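Trainee: The listed protein sequences derive, respectively, from chains A and X.
In terms of my numbering, the first sequence is residues 374 to 664.
In terms of my numbering, the second sequence is residues 11 to 199.
Be aware that one or more of the hints could be misleading.
Dumping the calculated DSS-like pairs for lysine-lysine here, alpha-carbon to alpha-carbon at most 25 Å [stated by the list, open to error]:
1. Lys621/A - Lys165/X
2. Lys621/A - Lys643/A
3. Lys440/A - Lys180/X
4. Lys620/A - Lys158/X
5. Lys180/X - Lys664/A
6. Lys658/A - Lys554/A
7. Lys508/A - Lys660/A
8. Lys76/X - Lys112/X
9. Lys642/A - Lys169/X
10. Lys135/X - Lys616/A
11. Lys508/A - Lys471/A
12. Lys517/A - Lys472/A
13. Lys655/A - Lys180/X
14. Lys471/A - Lys18/X
15. Lys375/A - Lys471/A
16. Lys660/A - Lys169/X
17. Lys169/X - Lys616/A
18. Lys76/X - Lys471/A
19. Lys643/A - Lys517/A
20. Lys135/X - Lys655/A
21. Lys165/X - Lys471/A
22. Lys472/A - Lys135/X
23. Lys440/A - Lys186/X
24. Lys531/A - Lys33/X
Keep in mind that the hints were calculated from the coordinates and are not lab data.
This structure is a prediction, so every number in the text was calculated from the model and none was measured.
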Amino acid sequence: MKYAYYPGCSLHSTSREYDMSAKEVSTRLGIELIEAPDWVCCGATPAHVTMHVLSQALPVKSLINAKQTGADTMAVCCAACFSRLKIANYHVLNDPGKKAKINRAVGAEYNGEVAVKHLLEILAKDFGLENLKGKMTAKLDGLKVACYYGCLLVRPRKIMQFDDEENPTIMDAVVETTGAKTVDWPGKVECCGASFSITKTGVVLRLCRDILQLASDAGAECIAVACPLCQSNLDLRQPEVNKKYDKKFDMPVLYFTQILGLAMGIDWKKLGLDKHIVSPLKFLKGKNIIK
Amino acid sequence: MKYLLNVKNLNSEFVREIQAESKTRILHCYQCGKCSAGCPIANEMEYKPNQIIRMIQLGMEESVLKANTMWLCASCITCTVRCPREIDIAEIMDVLRRYAFKRGIFPAAVADIPVFNRIFLRNIKLFGRLYELGLIGFFNLLTGNPFKDVLLGPKMFFKGKINLIPERIKNASEIKDIFKRSAEIEHSD
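Okay, chain X solo, but in the shape it has when bound (with noise of 0.2 Å):
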């Protein structure tokens, strides 16, 4: 299928959702390529950012959401500050996991960075912080991975740097009402 850059396809129900969501400016795009130029981790992405920026244009909802691009941006903002068209790229990879999260889409190739987070997530709802080895360790079950970093553990815990038991606010119960209530209003919007 070929795309071309009109009117029409520049108006696509995906480019008025995202650039919504993102509160900025997609079409002001002119491919200069800074964004790809500084992105870390642009060599393994299967489309550059500022080909993700053409595309969201085009209105390619299906190929944007399939890549791998959004799911391996590591949010180091380089492409936002360097944009002269002002355009926060950082946000719209943001506002795509987001969309691709409440869709329940995940590429198969990087679904473990979907799952990292569902289970770093869950920790927080549990204790209000963060239970690094539980992370670690349920992540590395459930992605089939029981020994990745398992040296690590040792070295870690005899230093003191590991906490065996998870450290828990006392007032737990008001974060998971804070994760209900903001589930409830991003499901209403």
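Only chain A is shown next, with the shape it has when bound in the complex (with noise of 0.2 Å):
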């Protein structure tokens, strides 16, 4: 199984353990990824919400650079550069009159043929979750996860095509493999501020409050997410959450590809989790998970 890879920005500073454990659990389960070649940032919110034709430019550039890695798909893991890839495709193959303008902006001919994927629809639909299950040698058992979407995995369905826009479903059956147990918590699709991390961190403070505390309530003892900015809000300004509203969330935030790199069996330094500022390593060796 072979695929063009985007990384994007966050996976290449902030979320560095993302892009670690995304690609040791790749290697270990023969899923080649290929780095497209002088990929561009997609733009972000910052571009959709300033320049439209920049903003599907962008993304087409590097879908046009992944062509040279002889992949037909790529695969990503930053749900936030997932949404503008795919929207960007859309727009290619859905509006001529669109597609002309893109085209001409990036200065090349481009007709959608490049096909973007989420890591989780990878794993649980090419490479199949009873495969998966399969991989699995140091079970989970007994671990509580509540599995943390977000927005731009899921919406909208209509473009992204992922799951369900209320209660998706394809992170918690992937964790499942690992003999790991998620919760039902009504905090699955809420937004957790995202972009507004540096503008008006306020914002981010009360959302991702609301978060740890809907996750928490349900008995989940970690968060899984798949998008660096999630998991930046939730980890990062956790000690702020705190500070602010007077509660004392420990709760570790993993990416999920940690923890099924964890039910592999994979050196927790490699998956890169001793990143992260709520340190998730005292939990694990509770849990007799890490040594």
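With the hints in hand, could you dock these two chains into one complex?
Mentor: So this is what it looks like as structure tokens:
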């Protein structure tokens, strides 16, 4: 199984552990991820709220570069990049007028020939849940996980074609192959405030407090995420949430790839589990998941 | 000034322009309020999303553009997916921001958000990828909070999560050209 790989800017800096664990897990499963040469930032929210053509042209540039890998599908880990790439492909495939403008801006001919998939879809659908289960050598029985999807993986379904918009279950299914138990909770698709982390930190703290509280009330011991922005807000800002709202959250926020890696017996250092602000190490040792 | 919903003001140039640009049927809104009920930031907004839609219907251009609503939209798209009338409210918020950007209208109370967006995009134009340290540093300087989040920096650095030097792509000049051509296409529209 061979895919072009789009890490995105966060996976090369603030969420390096997502990149590390995604690659470790994929290698173990025989999934080849070939980095798209000279990939470009997707433009994220600042592009789509400022200039429409630019917000489509930047992702298309990376999709064109991905063709050089020889793979017909690009694997993406970041939910925000995933959203921008899927939306660009959608416009190219469904709106000839927009497609012409995008191609003129990029200075190349692109017809939507590179499919975009999130790593969760690749694991659950292409690799298969049963096959995945067979690779779990160090079962995480007894671990209670709240799977947090956030916004951009699932919305809007018309374009993302990912999972149910209100109650997605794909990450729960993937995480449960490890033997862990996922909790039923109402915060799955709530918003963390994402790009307002820097500009409107107060809003982000309020939203993260709610998400942490909902997960905690549902009996979760940790939160699983598939987006670097969700992870940063819930992890990096957790001490501030505690201070502002007089809370004592000590909730590890792990990438689903780190949870899979642990259940495959991959060394925790290779999964970047020492890179979190709310350290999961003591908790994982207490659960006998790591030594 | 009193506003009444009638055929005359439902046909303002403003509503026609926003409707055409967003390719969504603003006049179909029947004010159920689901968009505002699900909006995570409605609490901080001057007008809730459903009120903004009604104001667009009424052609209240100035009030819409002066409000903080569109700038506080987090683009979570909850409103759009829950709208029983299939109105793409999130896209309308994007169109409003782009409309304001073209005209240089930024309400002072939320001016830091477009400033952030501009620094972010300049970053991409220069390097092809986001240079987070530069983004946050510049933003804090320009908005007069040089020490905001300063304690998080060392924590991130020692965990290897901050690049001191920007990552550059090989053909960054191609990206500059994409910016240039995109701007030309936007302006010719």
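Trainee: Quick check: which numbered hints come out false for this structure?
Mentor: 2, 5, 10, 11, 12, 13, 14, 15, 18, 20 and 21
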